[in-house]
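As given, the protein sequences belong to chains A and B, one line each in that order.
Position 188 of the first sequence, counted from 1, bears residue number 188 in the working numbering, the numbering being contiguous throughout.
Take the position in the second sequence, starting the count at 1, then add 1000; the result is the number in the working numbering.
The set of hints was computed from the structure by calculation and includes no laboratory data.
Being a predicted model, the structure only gives us computed values, none of them experimental.
Ideal placement from N, C-alpha and C gives every residue a C-beta, glycine not left out.
Check the hints yourself; a few may be wrong.
Listed below are the simulated SDA-like cross-link pairs for lysine to any residue, each with C-alpha atoms no more than 25 angstroms apart in a straight line [to be verified]:
(1) A:K237 to B:G1202
(2) A:K184 to B:G1202
(3) A:K237 to B:S1135
If you want a taste of the chain A side facing chain B, the calculated C-beta under 8 angstroms gives, among others [as the list claims (entries may be wrong)]:
(4) M1
(5) T2
(6) E225
(7) P236
(8) I245
(9) F249
Some residues of chain B that are not near chain A, with every Cβ distance over 10 angstroms (derived) [as the list claims (entries may be wrong)]:
(10) E1002
(11) D1016
(12) L1029
(13) E1056
(14) V1105
(15) E1124
(16) L1159
(17) N1203
(18) V1205
(19) G1206
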Amino acid sequence: MTTKLETKALSAWFGRKQVLKGISIAFEEREVTALVGPSGCGKSTFIRCLNRMHELNPGGRVDGKVLLDGADIYGMDPMEVRRKIGMVFQKPNPFPNMSISDNVVAGIKLSGEKKKADLEGIAERALKSVGLYEEVKDDLRRSGASLSGGQQQRLCIARALAMEPEVILMDEPTSALDPASTSKIEELIRKLKSEITVIIITHNVSQAARISDKTAFLYLGELIEYGNTKEFFESPKSPITERYITGRFG
Amino acid sequence: MEQAEYLKEINDGISDMYRMTSEMYGDLLSFLKEQKPELAQALCKKGRAVVAREEEIIDSCVEALIRHQPFAGDLRAVTSAMRVSYDLARVSRYLTNIVQVLTDVDSGTACFPEVMQLLELGWEMIRDSVDSYLSRDPLKAESVMARDNLVDSGYRQTLFRCKEANEGAGCALLNGLMARIIERMADHGCYISAETIYMVTGNRVGVRAPKCPPSKTSEPTQ
């Protein structure tokens, strides 16, 4: 196993309020890691620190290190970091005024790729990789906003994948979706890990158990437990983890 | 930590199975004293009821997995209940087997008193293992597993005596069979105890693997 992304004593603040407290964790290459924990425990802030989005918040501050292949991302160009470490959000957010294919290549265009044939090829590959191409190939010019919720989320994942990221961060990507769409996204996540490292936040502990190789539990800004998913859900070491995953609190 | 309602119901089922199995043990002791065929019939009927109860518990466990998707201690409690209910069903089967063996050879009791002592020892292991399970007491469970060697040794002693004994071949066969059944029953006491340890601590104790024969077979170990 090779460590792809690693945090060392990572702390984060919103103004004077500390929301992450010295988190050290190593994410293995081509694995799916689920982050679970009650609302407000710092999960979203944590993954926003992993691709330098937290610093975009007013008062957002970070201390400690985030290493991508051993290199500190806080010493890199933030745009380059976000290209290598993509993000998918809770609510699907296709650009409403863009077509399906333009949505997929929007990030590529921004980064300077202009050749139409190349863009079409990239869009097709990305849509195929999320299993959406066959559903939309007859009308790639229609608005991304015309798709169903599940299709929109897969479109957003295709948009992230079009940038050829090495890591993809997902912040509750299925919380707004029906069971069938959720199932498709989960299947996609399992497929994606053959190519890239996936870190996903979920409030659904069953989902974490279904799709992840490793699971981490955050509570009050601290990393309480991190380990192989089977052991995490069968025999957690921390009583707090046990209470959380058995639904006693949170 | 307070136990979820569905787990309480599953535990009540295990408790009920144990009560029924205890009654079977009581019937077996009465049969050994009185040799009344109706006692054998009653025991056999209770054995069927125990197996039916096992199926109900398995159904409840499957339903719990579907409806509650338990994790951690709750998950271990459900999977352990499935195994323990199976173990108790096997114990009831062995109690029935003893009566069947005695009936088949038309003998109401064992020829050697140590077989009766072995039966008592084996049953105490079952009783204490279920008690450790229901009270979630891993120390008690460990004490049950420590007694397994006594039963194994008693079983080997019986075989040795059967081989050497002057009593008839029928008696030797009967005692050998009974000792074998009791030895297997006691193993389930160890399995139930191992489930208690797993349920409470999350640590697996590998007791279900087959035992290898002792290196010296000419003399029984004491």
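We went through each hint and held it up to the structure:
no.	hint	in the structure
1	A:K237 to B:G1202	holds, 9 angstroms
2	A:K184 to B:G1202	violated, 33 angstroms
3	A:K237 to B:S1135	holds, 22 angstroms
4	M1	violated, 24 angstroms
5	T2	violated, 29 angstroms
6	E225	violated, 11 angstroms
7	P236	holds, 5 angstroms
8	I245	holds, 4 angstroms
9	F249	violated, 11 angstroms
10	E1002	violated, 8 angstroms
11	D1016	holds, 25 angstroms
12	L1029	holds, 40 angstroms
13	E1056	holds, 24 angstroms
14	V1105	holds, 47 angstroms
15	E1124	holds, 30 angstroms
16	L1159	holds, 40 angstroms
17	N1203	violated, 8 angstroms
18	V1205	holds, 13 angstroms
19	G1206	holds, 16 angstroms
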